[in-house]
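Trainee: Chain by chain, the residues run as shown.
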Amino acid sequence: DGGITQSPKYLFRKEGQNVTLSCEQNLNHDAMYWYRQDPGQGLRLIYYSQIVNDFQKGDIAEGYSVSREKKESFPLTVTSAQKNPTAFYLCASSPVERGSTDTQYFGPGTRLTVL
Amino acid sequence: GQNIDQPTEMTATEGAIVQINCTYQTSGFNGLFWYQQHAGEAPTFLSYNVLDGLEEKGRFSSFLSRSKGYSYLLLKELQMKDSASYLCAVGSTGGFKTIFGAGTRLFVKA
Chain F
221 DGGITQSPKY LFRKEGQNVT LSCEQNLNHD AMYWYRQDPG QGLRLIYYSQ
271 IVNDFQKGDI AEGYSVSREK KESFPLTVTS AQKNPTAFYL CASSPVERGS
321 TDTQYFGPGT RLTVL
Chain Z
267 GQNIDQPTEM TATEGAIVQI NCTYQTSGFN GLFWYQQHAG EAPTFLSYNV
317 LDGLEEKGRF SSFLSRSKGY SYLLLKELQM KDSASYLCAV GSTGGFKTIF
367 GAGTRLFVKA
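Those protein sequence lines, which keep their order, are chains F and Z.
Just add 220 to the spot in the first sequence (first one is 1) and you have my numbering.
Just add 266 to the spot in the second sequence (first one is 1) and you have my numbering.
To be clear, the hints were calculated from the coordinates, so they are not data collected in a lab.
Possibly wrong hints are sitting among the right ones.
[What the hints assert, rightly or not] Short derived list, chain F residues pointing at chain Z, Cβ under 7 Å:
1) F232
2) G236
3) Q237
4) G262
5) L263
6) G283
7) G327
8) T333
[As the list claims (entries may be wrong)] Here are the simulated lysine to aspartate or glutamate pairs, DMTMM-like style, with alpha carbons at most 25 Å apart:
9) K229/F / E321/Z
10) K229/F / D318/Z
11) K347/Z / E244/F
12) K234/F / D250/F
13) K291/F / D250/F
14) K234/F / D258/F
15) K323/Z / D258/F
[Unchecked claim] Stretch-level coverage of chain Z by chain F, calculated; a stretch enters the list once three of its residues show a Cβ under 8 Å from a Cβ in chain F:
16) 309-322
17) 337-349
Glycine included, C-beta positions come from ideal geometry on N, C-alpha and C.
Please work from the sequences and hints to get the whole structure.
Mentor: The structure is reproduced here in structure tokens:
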């Protein structure tokens, strides 16, 4: 079965610690995305990558970092510089056919709580 | 600026019809999406409109008016499992960014 996996589903960390969220897809999609979702707000784009070894900042990239060494994988690191990291994090992928009009396929999400 | 507006919450009765509206103001337009998201789960794709008019897909239909910056999602024969958030999203031109609205939480009651 093709899809996107994120692990873990729930993650707890102490303030000041860096944490890496995993995202893997086997849909053979070129583009991958990281979003943050907070209650009452829309999905906000953190980073996206159109191709391996290349990625771009989204609207709220400060305090986050990513890498794209493999087509299938796009891990997100939440650093201690992120002021308010507790949130629901969603990873998505899409084929690169129409650009922003390509349908995005989402992973199940990781709920990060910083204590 | 870029803005997508949709109602925060709606309640409807099982078996009824509900219309969820979305208005948008974005710098460039390259299609409008509707996604469904159950609580604590991933959004799933429902529909995509790039031209004006109505797209029907089973119990769900989506309408777009580009001149008015307006779309709606119509859900017919509501079922309890339709209780979820419905996200309106606009694809921007010249890039890979999709702008998401905050979502409309739909409660379906018996």
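Trainee: Compare the structure with each hint and give your call.
Mentor: Hints and how they fare:
1. Nearest Cβ of chain Z to the Cβ of F232/F: about 16 Å, over the 7 Å cut. The hint is violated.
2. Hint on G236/F is violated. Least Cβ distance to chain Z is approximately 27 Å, over the 7 Å limit.
3. With a least beta-carbon distance of about 24 Å to chain Z, the hint placing Q237/F at the interface is violated under the 7 Å criterion.
4. The closest approach between the C-beta of G262/F and any C-beta of chain Z is roughly 4 Å, which is under the 7 Å cut-off, so the hint is satisfied.
5. Look at L263/F: its Cβ gets to within about 4 Å of chain Z, closer than 7 Å, so that hint holds up.
6. Of the supplied interface hints, the one on G283/F is violated, with its beta-carbon coming no nearer than about 19 Å to a beta-carbon of chain Z, more than 7 Å.
7. At about 6 Å, the closest approach between the beta carbon of G327/F and any beta carbon in chain Z falls short of 7 Å, and the interface hint on this residue holds.
8. The interface hint given for T333/F is broken, as the beta carbon of that residue sits about 13 Å from the closest beta carbon of chain Z, more than 7 Å.
9. Among the hinted pairs, K229/F with E321/Z is inconsistent with the structure: their alpha-carbon atoms are about 35 Å apart, more than 25 Å.
10. With a C-alpha separation of about 39 Å, the suggested pair K229/F and D318/Z falls outside the 25 Å cut-off, and the hint is violated.
11. The straight-line distance between the Cα atoms of K347/Z and E244/F is roughly 28 Å, outside the 25 Å bound, and the hint therefore fails.
12. Only pairs whose Cα atoms come within 25 Å are accepted, and K234/F paired with D250/F is rejected, the gap being roughly 34 Å.
13. For the suggested pair K291/F and D250/F, the alpha carbons sit about 7 Å apart, so the restraint of at most 25 Å is met.
14. Of the supplied pair hints, the one linking K234/F and D258/F holds, its CA atoms being roughly 19 Å apart against a limit of 25 Å.
15. Restraint check: the Cα-Cα separation between K323/Z and D258/F comes to about 30 Å, which exceeds 25 Å; the hinted pair is violated.
16. With 5 residues having a beta carbon nearer than 8 Å to a beta carbon of chain F, the segment 309-322 of chain Z meets the requirement of three or more and the stated coverage holds.
17. With 0 residues having a beta carbon nearer than 8 Å to a beta carbon of chain F, the segment 337-349 of chain Z misses the requirement of three or more and the stated coverage is violated.
The structure shown violates the earlier hints numbered 1, 2, 3, 6, 8, 9, 10, 11, 12, 15 and 17.
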